[in-house]
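Student: Sequence:
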Amino acid sequence: MENNTRPSRVDRKIIERDRRNQMKALYRKLNSLVPHQRSKVAISLTDQLEEATNYIKKLQMNVEKMKEKKNMLLGIERPTVRMKGGGERVGLKSPRVEIQQMGSALEVVLITGLYSEFMFSETIRILHEEGVDVVNASYKVIEDTVFHSIHCQDDKSANGATRMSARLKNFIFDSSYCGF
Numbered sequence: 021m022e023n024n025t026r027p028s029r030v031d032r033k034i035i036e037r038d039r040r041n042q043m044k045a046l047y048r049k050l051n052s053l054v055p056h057q058r059s060k061v062a063i064s065l066t067d068q069l070e071e072a073t074n075y076i077k078k079l080q081m082n083v084e085k086m087k088e089k090k091n092m093l094l095g096i097e098r099p100t101v102r103m104k105g106g107g108e109r110v111g112l113k114s115p116r117v118e119i120q121q122m123g124s125a126l127e128v129v130l131i132t133g134l135y136s137e138f139m140f141s142e143t144i145r146i147l148h149e150e151g152v153d154v155v156n157a158s159y160k161v162i163e164d165t166v167f168h169s170i171h172c173q174d175d176k177s178a179n180g181a182t183r184m185s186a187r188l189k190n191f192i193f194d195s196s197y198c199g200f
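If you count the sequence shown from 1, position 141 lands on 161 in the working numbering, and the numbers rise without skipping.
In case anyone wonders, no lab produced these hints; they're calculated from the structure. Some hints here could point you the wrong way.
To be verified - Restricting the straight-line Cα-Cα distance to at most 27 Å, the calculated cross-link-like pairs of lysine-lysine (DSS-like) are:
#, residue 1, residue 2
1, K60, K85
2, K78, K49
3, K77, K49
Using the sequences and the hints given, assemble the complete structure.
Tutor: Pasting the structure below:
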């Protein structure tokens, strides 16, 4: 009976040794993926795992921040401004566009939140695509709202305001609510 238990005990030792060696290899691999301060001091396994955990958490936070920034720049997401005490306040208003035509002159008023920088440049791009000459553009910031005023010249069409209004409103609503 003793002969039967010895091989199993040896097998368990071999299995355990192999498991430990595999774990060491995995720890080394994990540790190689984490940027380190160049230090001559050996880091304990516990410290290596904690450092890797902190690094992964930091990467996750960076990814979330970058996604939020991308969505804000695209106008897809309304950024939240974190306030003391854990509260949140919305920092972006729904964009609006108004167009008035006086003869061949067009005035485009674009009203956005603070984080919709791309809306202005895209509006200018659309106006140029429609063959409208931009004469003057200005903006004013009041609290968390930006008022853009764009003065244009449209010599080609008497119904430029209707055409521009439809195209700009389509762009604004598609990009704001449909994930442009």
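Student: Hint by hint, where does the structure go against what was stated? Just the numbers, ascending.
Tutor: 1
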